[in-house]
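Undergrad: The chain contents come next:
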Amino acid sequence: MSRQTVLQSLPLARNLRGRRFQALALALVLVIAALVVPSLPVTRTGVAVLAVVDITGSMNVRDYAADGRPASRLETAKAALRRLVTDLPCGSRVALALFTERKPFLLFEPVEVCAAFAPLDGALAALDWRMAWEGDSRISAGLYRAVEMAAGLGTDLLFVSDGQETPPLPAGQVPHFEGEPGAVRGLIVGVGAYGLSPIPKFDDRGRESGFYAETDVQQENRFGPPPADAESRAGYNPRNAPFGAAAAQGSEHLSSVREGHLKQLATVTGLAYAHLDGPGGLDRPLIVAATPRPLPGRIDPRPALGALALALVLGVLLAGPLRGLARRITPLTPTHRLRFRKA
Amino acid sequence: MTVGSLGVASPAWLWLLPLALLPLVATGRRRVRVPAVAAAPADAPSRWIARLLRGAGVVAIGGLVVALSGPYGAGAPVTRIGIGAQISMLIDRSGSMNETFAGRQPSGAEESKAAASRRLLADFVGARAHDLFAVTAFSTAPMLVMPMTDRHAAVRAAIAAIDRPGLDYTNVARGLAMALSQFAPESSGSRVLLFISDGAAVIDPRVQDALRAAFAKLHPNLYWLFLRTKGSPSIHDRPAGEDTPQAAPERHLDLFFKSLGVPYRAFEAEGPQAVADAIAQIAALERNPIPYTEPRPRRDLTGFAYALAGLGLFLLVLAALAESDLFAGSARSRASREQRLDPDLRRAA
Numbered sequence: 001m002s003r004q005t006v007l008q009s010l011p012l013a014r015n016l017r018g019r020r021f022q023a024l025a026l027a028l029v030l031v032i033a034a035l036v037v038p039s040l041p042v043t044r045t046g047v048a049v050l051a052v053v054d055i056t057g058s059m060n061v062r063d064y065a066a067d068g069r070p071a072s073r074l075e076t077a078k079a080a081l082r083r084l085v086t087d088l089p090c091g092s093r094v095a096l097a098l099f100t101e102r103k104p105f106l107l108f109e110p111v112e113v114c115a116a117f118a119p120l121d122g123a124l125a126a127l128d129w130r131m132a133w134e135g136d137s138r139i140s141a142g143l144y145r146a147v148e149m150a151a152g153l154g155t156d157l158l159f160v161s162d163g164q165e166t167p168p169l170p171a172g173q174v175p176h177f178e179g180e181p182g183a184v185r186g187l188i189v190g191v192g193a194y195g196l197s198p199i200p201k202f203d204d205r206g207r208e209s210g211f212y213a214e215t216d217v218q219q220e221n222r223f224g225p226p227p228a229d230a231e232s233r234a235g236y237n238p239r240n241a242p243f244g245a246a247a248a249q250g251s252e253h254l255s256s257v258r259e260g261h262l263k264q265l266a267t268v269t270g271l272a273y274a275h276l277d278g279p280g281g282l283d284r285p286l287i288v289a290a291t292p293r294p295l296p297g298r299i300d301p302r303p304a305l306g307a308l309a310l311a312l313v314l315g316v317l318l319a320g321p322l323r324g325l326a327r328r329i330t331p332l333t334p335t336h337r338l339r340f341r342k343a
Numbered sequence: 001m002t003v004g005s006l007g008v009a010s011p012a013w014l015w016l017l018p019l020a021l022l023p024l025v026a027t028g029r030r031r032v033r034v035p036a037v038a039a040a041p042a043d044a045p046s047r048w049i050a051r052l053l054r055g056a057g058v059v060a061i062g063g064l065v066v067a068l069s070g071p072y073g074a075g076a077p078v079t080r081i082g083i084g085a086q087i088s089m090l091i092d093r094s095g096s097m098n099e100t101f102a103g104r105q106p107s108g109a110e111e112s113k114a115a116a117s118r119r120l121l122a123d124f125v126g127a128r129a130h131d132l133f134a135v136t137a138f139s140t141a142p143m144l145v146m147p148m149t150d151r152h153a154a155v156r157a158a159i160a161a162i163d164r165p166g167l168d169y170t171n172v173a174r175g176l177a178m179a180l181s182q183f184a185p186e187s188s189g190s191r192v193l194l195f196i197s198d199g200a201a202v203i204d205p206r207v208q209d210a211l212r213a214a215f216a217k218l219h220p221n222l223y224w225l226f227l228r229t230k231g232s233p234s235i236h237d238r239p240a241g242e243d244t245p246q247a248a249p250e251r252h253l254d255l256f257f258k259s260l261g262v263p264y265r266a267f268e269a270e271g272p273q274a275v276a277d278a279i280a281q282i283a284a285l286e287r288n289p290i291p292y293t294e295p296r297p298r299r300d301l302t303g304f305a306y307a308l309a310g311l312g313l314f315l316l317v318l319a320a321l322a323e324s325d326l327f328a329g330s331a332r333s334r335a336s337r338e339q340r341l342d343p344d345l346r347r348a349a
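Protein chains in written order, with the UniProt record's numbering: chain A, 1 to 343; chain B, 1 to 349.
Derived from the structure by calculation, the hints contain no laboratory data.
Note that the Cβ used here is the ideal one computed from N, Cα and C, for glycine as well.
Each statement offered as a hint is correct.
For the chain A half of the interface with chain B, some residues (derived, Cβ under 10 Å), not all of them: (1) S9; (2) Q22; (3) L35; (4) L106; (5) A115; (6) L127; (7) A132.
If we take Cβ atoms under 7 Å as the criterion, some of the chain B residues that face chain A in the derived model are: (8) L68; (9) M143; (10) A161.
Not close to chain B: a few residues of chain A, all C-beta gaps over 12 Å, as computed: (11) R44; (12) H176; (13) A183; (14) R185; (15) Y194; (16) P200; (17) T215; (18) E220; (19) R233; (20) A246; (21) G260; (22) D277.
Use the sequences and the hints to build the structure in full.
TA: So, in structure tokens, the structure goes:
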């Protein structure tokens, strides 16, 4: 018999209508598409952010835990920032600044997180409290200047601090913010546990030498005019003892995250606030708080096409056995058995 | 995940690989009931076609699973030799760097010392492809700005930040120690310590010995780019009174550097042009070979896997197209003929 007769003998029209043929043909088309379709351009959301890290003494408080050992706030904040750099989509840019005394100190202008990942990660890992040039920690002044710096760089702000002002603010009043609230978007990250912990003390060689005691630190800011309740204090004298005669007492030598203060600063500057619970999870609140920046990205359509093709092939292969199984469960009448069945 | 030089991007998909054995036990072709298997005579071509189609099914599913896992041929990093050096830059960020070379606050077209070094260093970084750079800043305390890296864009971002308002004092010793710690001790290639400052300070005798040891161990070429403000003492000026480090810190820092036993040159720049000349001279001096690693990009093998899966699928599609029934055929063809085209008949029955 010639080839033509064989071809003619095939029920081609019926086969073309068959489900299994259609599924397999579709799978083949999908695989061919996976071979020829280029990656598709998409727009993703990235961030450009200036990260300002508080490296003052209270950041050495060990009130986090890592691998079952106490970890300092600075170590945890560094780990969180390194994780953040890994989690941000490529094309996002990060600048880094230190904060101590009353101003942020810019280490480098924004760099791209994927191309410059190694140096960025290394710079974050190298952050140390020993880089501090002065011991004060005027958080509100530093934050206001950091907002200005971020505006100058054209980025958002990520301000990482425990919120402990040293010296304490006069009468607990937050200084006036001169900028426009909300002009710079971003996030204040509160670092530290909610309970009070002692602050480690270091000698002039940088070795730890115990903890700060109550008399080691300023408990009350006695610059400027005295507070309203000064007259009722013991030993008050308008000229000689305007703050009262007794030494100030308090818990400034202990530290916890000053969430109330940081939230107040966030309200004043129009930033968002989040508490750092551990070395991770900083990317979500930052992306919510930051200005979304469209980044050109590419998406590879091949996994979707391939997965669909695989599902179709498996479906074709398993349809028969599954149907057979179903048939075995439903009892068949003898008449059915005697006939040849065409599936 | 890599095995040898092959790897996959998302290994989790490979858990589905056993599904590729499915075609050996299940057939995707139409099932036809026949009263007895013996009704069909043994037929070698049919058996071969059955094996081929089973193999096609294995290849199709296996290929798809492997393609989904994203296979690649790992690109091993290649070490080559280029011209360049490990350059550790130590940059003074004390407040006086924001003044002009005349010692004033910059006004109009005047350029501060920091702005001039920023502009000139930015050109220096990236002029040669294989230089490695590290940036350390110092004032009262040293600050590690950027570890040793070949990412010149990141180094330029760090250089771009050096003309921002500076900090307090000039504490040279700790800055030098940190800048030295930036060199990778085990790597070969010439090391350059480029120290840029507009002043000097007394180096604590206790630290001097540690610095001497570090210089002797790493043996870097030391360049001091001294941005001299007009009217301030030169490196070579002897003080009128007692010649102590406190009276002439610049001169004594120079003497200390000379006593280190490493190749050392000092450049005294009194204006942006002099800074540019000094940087050009340093670049010309540092023409040593440096080994550098170049990552070869990984080769994406996903296409091969899809092509393989496509081949298997193509055979399956042909088979599905060529299916016919044993007894449904019209009178003009005989069952024996069709049997060949329905190779799984015996099993399906």
